[in-house]
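K.L.:
As given, the protein sequences belong to chains U and W, one line each in that order. Numbered according to this note's numbering, the first sequence terminates at residue 1561, and the numbering increases by one at each position without gaps. Numbered according to this note's numbering, the second sequence terminates at residue 280, and the numbering increases by one at each position without gaps.
Do not rely on the hints blindly, as some may be mistaken.
Below, simulated DSBU-like cross-link-like pairs (lysine-lysine); rule was C-alpha separation at most 30 Å, straight line [said to hold, decoys possible]: (1) K202/W / K1494/U; (2) K202/W / K126/W; (3) K1477/U / K202/W.
Just so you know, these hints were derived from the structure itself, not from any lab.
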Amino acid sequence: MSTSPFRPGQRVRVKALFPPGHCRTPHYTRGKCGRILDLLDIEPDPQERAYGRPGLPPIPVWRVVFAQRELWPDYRGPAHDELVVGIFESWLEPVEDDP
Amino acid sequence: MNGPLDHDHDHEHGEPHRHPPRPDLEDGPYTWHMALTDAVADLLLAKGLITADELRRTVEEIDAKSPALGARLVARAWVDPAFKARLLADVNAAAAELGIDAGGIPIRAIECGPGEHHVIVCTLCSCYPRLLLGPPPDWYKARAYRSRVVREPRAVLAEFGLELPADVRVVVHDSTAELRFMVLPRRPEGTEGWDEERLASLVTRDCLIGVAVPRVPEG
């Protein structure tokens, strides 16, 4: 995806949006920061498709890795535990302040 | 045991004894989606687009899918590194090599490494590679599993009898896109020289979801 502003290894944040209707972005990821693992798929927009519209052009879906402690500040397991989830690119924004 | 085999308790014969009646399938509500399914099937048949036998055969084929198919893929991957590479690249194509039709929905295999355990969930609904592993267990579709395994995976795995040491990284995969996932578990120690069929016997449904790991039976 040469036209995509995203690439594996990049730090990203899931947009903290709460639109009405169907979407595929789990609530627990919204507003959270993670790292792009790889390109999972390129798919029609499910937020359009849920209402009978074609959802084109299709959107890249990136696998994003989150530290569990980022998702759940009171997470009780070790710091290296992770969660991986496919996020539609329209829900991602780059994180500039790389720690 | 005194009673018939379908009783899990003893009782004297002739004693007044009642079981609650088991509801028939039709005793549940006839839902919107059931009506839609029946209507579409009726239309496809009425217009001659499919035959009743084709419909029956397709349902039978889907119902015949079982985790044994996934276990065959895992066993082959354990003995054949080139096959494992192809499986990780494209599960559906690798399955076809073994004569297994995994359907048209792409499936991705997630490989467990020495310090890394993977477990799969679909928090939004209950996505599952049915055309490779058969129907999912009820617990996989339950809100309890879907909400808790992302939040406290180690506690959930422990309830399944899988206690993982802290130095093993636990990675939860939440399935949100138009793909399905399966776990490629690690080959257990003590299986050197085993043939594929014997290896496959260790790989259960729960190992393919990631709530269990293949173990060599003791003794």
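K.L.:
Hints first: check each against the structure and report whether it holds.
P.N.:
Each hint tested on the structure:
Simply put, K202/W and K1494/U have alpha-carbon atoms about 26 Å apart, close enough for the 30 Å limit, and the pair holds. Pair hint K202/W plus K126/W holds up; C-alpha atoms about 18 Å apart against a cutoff of 30 Å. For the hint pairing K1477/U with K202/W, the CA-to-CA distance comes to about 27 Å; that is within 30 Å, so the pair holds.
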